[in-house]
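> Here is how the chains run, residue by residue.
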Amino acid sequence: MSPTKTKKTIAAVTVRFAGDSGDGMQLTGDQFTDTTAVMGNDFSTLPEFPAEIRAPAGTLPGVSSFQVQFSDAVIFTPGDIADVLVAMNPAALKVSLKHVRKGGLIIVNSSSFTQNDLGKAAWATNPLEDKTLVDFQVLQVPLSELTANALQGHPLKGSEVDRCKNFFALGMMFWLYDRSFDHTVDWIRRKFVKRPEIVEANVAVLKAGYNYADITEVLQTRYEVKKSKLEPGTYRKITGNEAAAIGFITAAQLAGKTLFYGSYPITPASGILQDLAKAKNFGVKTFQAEDEIAAVGSAIGAAFGGEIGLTGTSGPGLCLKSEAMNLAVMTELPVIVINVQRSGPSTGMPTKMEQTDLLQVLFGRNGESPIAVVAPKTPSDCFDMAVEAVRLALTHMTPVVFLSDGYLANSAEPWRLPEIDKLPKIAVTHPSSWNGPFTPYARDAKTLARPWAKPGTPGLEHRIGGLGKAEITGAVSYDPDNHEKMIYLRAEKVARIADDIPEIAVRGPASGALLVLGWGSTYGSIHAALTALAEAGKIASQAHLNYLNPFPRNLGSVLRQFKTVLIPELNTGQLIMLLRHHFPNVKFKGYNRVTGVPFQVAELTEKIGGML
Amino acid sequence: MNPLSPTDPRPKFTKNDFVSGAEVRWCPGCGDYSILGAMQQTLAKLDVPRENYVFVSGIGCSSRFPYYMNNYGFHTIHGRAPTIATGLRCVNPDLSIWVITGDGDGLSIGGNHIIHAMRRNLNFNIMLVNNQIYGLTKGQYSPTSPTGKMTKSSPYGSIDHPINPLCLAIASEATFIARTLDGDPRHMSMIFERAMKHKGVSFIEVYQNCIIFNDKTFQPVTGRDTREDRMVFLEHGKPLLFGKNKSKTVRLNGLFPEVVDYDPTNTRSLLIHDEADPRPHHAYLLTQMTYPDFPVPFGVFRSVEKPTYDELMNGQIADVIAKKGRGNLKDLIYGPDTWEVK
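Top to bottom, those sequences are chains G and H. Numbered per my numbering, the first sequence spans residues 1 to 612. Numbered per my numbering, the second sequence spans residues 1 to 342.
Source of the hints: derived by calculation from the structure; they are not laboratory data. This structure is a prediction, so every number in the text was calculated from the model and none was measured. One should not assume that every hint holds.
Simulated crosslink set (DSS-like; lysine-lysine; CA at most 27 Å straight-line) [stated by the list, open to error]:
(1) H:K306 with G:K280
(2) G:K422 with H:K306
(3) G:K425 with G:K485
(4) G:K257 with H:K323
Work out the full structure: start from the sequences and follow the hints.
Okay, structure coming up:
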C-alpha cells in the first residue's frame, strides 16, 4: 500500500456492481463474493438481471447488477442500500442511483459517458458534469482506456480487450477492501485453461486495477472488514437452487432410490434442471419434457414405478401442472413439485420474486385436494427442506410442494456443511407380498399412507387412476358415502404430517406484545430488522414457518402468547388469510409489499418499531 | 420384455389370467370388447409374467382398458398417458408398457405428447383406438372425423380438416407403425405381438366401431361386401395385392401411386412393400392411400431399429460413471471451494 494512505476498520459493507448484460457483472460479483467468503466474512448476495438475454447494449432494460453485503457479524440480507456502486455505463448509473446511500462512493466507467451512451440511457445532460451526483463521492475511472493500456502488446482483439474491463474494476475493489486477488487469479487460470492468452490478459488487467487504486490520489483510505463470528465448521458458498439440487440428490441417496427429475425450462427454476442434469454419476435421471404437463406426468410415472418422482417449475408452469398434481393426490403417489415463485400474474416479471403462489399451491386445483407444502427460508435451507420434502412424500405417500422463490434461487450465502454421515436415512418399504388379494388403498394405522407396490412385483397387480376410489380396494367407486369418507381420509393423512415435523420455535421472549411471523425467504429481512431493533432496546419475538401445510402442531399455542402477531409477506395477504381462519382469536396484522424485490430491512425496522 | 424365468413354476398362461374381473362397462356391441379380447389372447400366447405388463391410459371409452386387464394399470388424465409412461419407462427398463389412447385423447388434447413420445423412441407401445368420434362425452366430432361430419357439436357439419394418425407417426419418425381393425382379432393379435417384440416405440392405429355415436363409419372400407376391394394387407417384400382373387395391385407413376391389374409376368414399377426402409417416404405414401381412391392398407407400415430413449439415458449415466466414477455425496456437498471457520 502506498505509504500516504490509511486503513479503516468497518463492520459491514454493501457493494453493488452494475453494468450492461454483456459486461460480466454477475461474474464480477461472484468473484468478489468468493474472495469475501475466503476472507471469513459472512455475506449475502442479490443478483438482478433482465429477462432479456442481451437487451440493446447501453440501454436501461439491459442493466444487470449484483449486490453483496459482507460483514464481521452474522448477516441475513444482501443489504438494503449500497455503500459503493460500480457503474459500468450511464444506463447502469441511472438504474442504480436509487440503490446507493447518500454519501456513498460511486465508481463510474467514464469511458462510457459519451453522447451516444448518455442518449441511450436517457440522460438529458451528463450526470458527471451536472449536479446529479453532488450527494455522493464520485470516482471517474476511464476503464476502457486503462484496460487497453494494460493490455498493450497482448495478442487480444479490440473487442476482447474491452471485455476485460470488469476485471479492472474488480481489482480496484480488491484494493479498496484490502483483499487478496489470488483466489480470482486461480479461478481465471482454471476457467480459461485452454486459452492462456485470455488468462494472461485478465490477470494483467486485474492487477492493473489493483495497482491503479493503490496509486490514484482520489482513494486515500482503504477499508477492512474483519472475519465474521460464524459458527465453527466447514463452509461453502451456495445459492438456493444449487442447495435444492444437492438436497434432492442427497435425499435420493438417503432413501436408496433413483432420483428422476422431469422439468421444462422456466426462469427462475431452470438452474435446478441444469444442476441435476450434470449429476449423472449419481444416477440422477433428468428428462427435459416437451411441456410442463409432460414434466409432472413423467414424475408421476416415476413415482408409480417406485422411484423418486420430482418435477420443478415456476408459477405459470404450476398452473399447467394443476390437473396432474390432482392425479397424484387421487392416486396418493409421492410426487414432489418444486415451485420457484416469481412475480405474476401470467408471465409477470420472470426474473423478479414474490410470495404470491401460497394459496395457489394449497387450493389451486379442482375438488378437495390436500397437498403438503414446505418452504425453505434461506438459500442453504433449500438443502434441508429438499430432504424434508422427499422424506414427507415417501413416508406419507402424498404429493409435496417445495415452495421456493426467485430470490432464494439466485441469492448466495455461506453454508455450514452438514455432517453427511449423520443425516438420517429415509425409510421406504415396498410390499413384496400381501395377505389375500392386494388392497392398494389399505392404510398404515399411524400415517394413513397407502402401500407403495412397485409394478413388476408378482401378486400385487393392481390398477389406480383419477376416478373416485373405493376405500381399501381402490376399485372405481361412485358411492356417495365412500366419496366423502375418502375426502376426509386424504385430508387427515396430510394433517397427520404435523406429528412428523418439528414444532415452531420462537426467537426472543416466548410471550409478549409482538410476534413477527414470516414464511419463506423473508426470514433474513425479518431477522435483521428485529436484531437492529433489539440493539436499540426494542424487543419483539420472531417465529418462522418452514411448514405451511400442515402447520406445526404448536403454532396456535405459540401465537396465543402474543398480543399482536405481525405477518410480513411479499403478497397482498395470503398467509394471514389462512391464519385468521385457523386461529380466529389471535390478533393478526399484515405488512404487505408486492414490488418484485425482497423486503428492505429498513422498512421492516420502521414498521415493527412503530408497533413497539 | 422380461420373459418368465425358466425356473418359474407357473403354468403357461391362459386368456383368463389377464382378465381382471372388474365388470366391463362398454356399450354392448362396442368394438373395444374385441380389442380387449385380442390383447388378452395375445398376452396368453407369450411367456411374459403378468406382473411385468403395465397398461397406462388417458381419458375416453378406450382408456378404461387398464381396469379390465389383470396387470399393473394406470388410468391417468386426459391426453397425458404417454407422459406417465415415459417416467415409468425411464425408471424401469424391464416392464412391458402399453399406452392405450383414443383419437381425442391421443391426437387432440394429448397430441403434443404423442409426437414427443414417438420422436424420442421411447420403448413402449401406443395403441390408438380410432372411432372418429367422441364417445364418452356423447357424440361430438373428433380430430379424425371427416370434414362435413354431422355430430352434436357440428350440427351443420364439421369444418375441421381431419388429422391422419399414421401420417403424424411418420412425421414423428416412430420406429414401428401399424394399422389394424377391431373386426379381425387374428390380425390384431399378430400386430400386438409384433409391437411388443419391437424395441422402441410402437404406434398402432386400430379402426374401432362406436356402435352408439358413429356406427358403421368404417363399413365402406371394412364391410363384408367391400373389404376385398377396399382393404389391402401389407406383406413385407411383396406387392400390395387386393381385390377378388388378388387381381389388383398398386404401382408407382413417378411419385404417385396408381391402381392397376396385377400381372405376375410384369412387376416393373409395382409398389413392393418394404417395412424396414429407414427412409420415411414409402411408409408415408402408404398413409396417404385412402378410400375411395385407393385400398386402405392394414398391417405393419414401418419397422426400423433405432436406439431407445431409456437405452440412451442409461447409457449416458453408465458412461459418465465409467469416466468420473460413482458420485460421492461429500464431494457434491462440499463443491469446488470450501473454507474453515474455527
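> Between K422 of chain G and K306 of chain H, is the straight-line Cα distance small enough, at 27 Å or below?
Given that 27 Å is the threshold and the Cα spacing comes to 46 Å, the pair is violated.
> Would the pair K257 of chain G and K323 of chain H pass a check requiring their Cα atoms to be no farther apart than 27 Å?
OK: K257 of chain G and K323 of chain H at ~22 Å, within 27 Å.
> Between the alpha carbons of K306 of chain H and K280 of chain G, is the straight-line distance 27 Å or under?
23 Å, holds
> Is the straight-line distance between the alpha-carbon of K425 of chain G and that of K485 of chain G 27 Å or less?
33 Å, violated
Comparing the model with each numbered hint stated earlier shows that hints 2, 3 do not hold.
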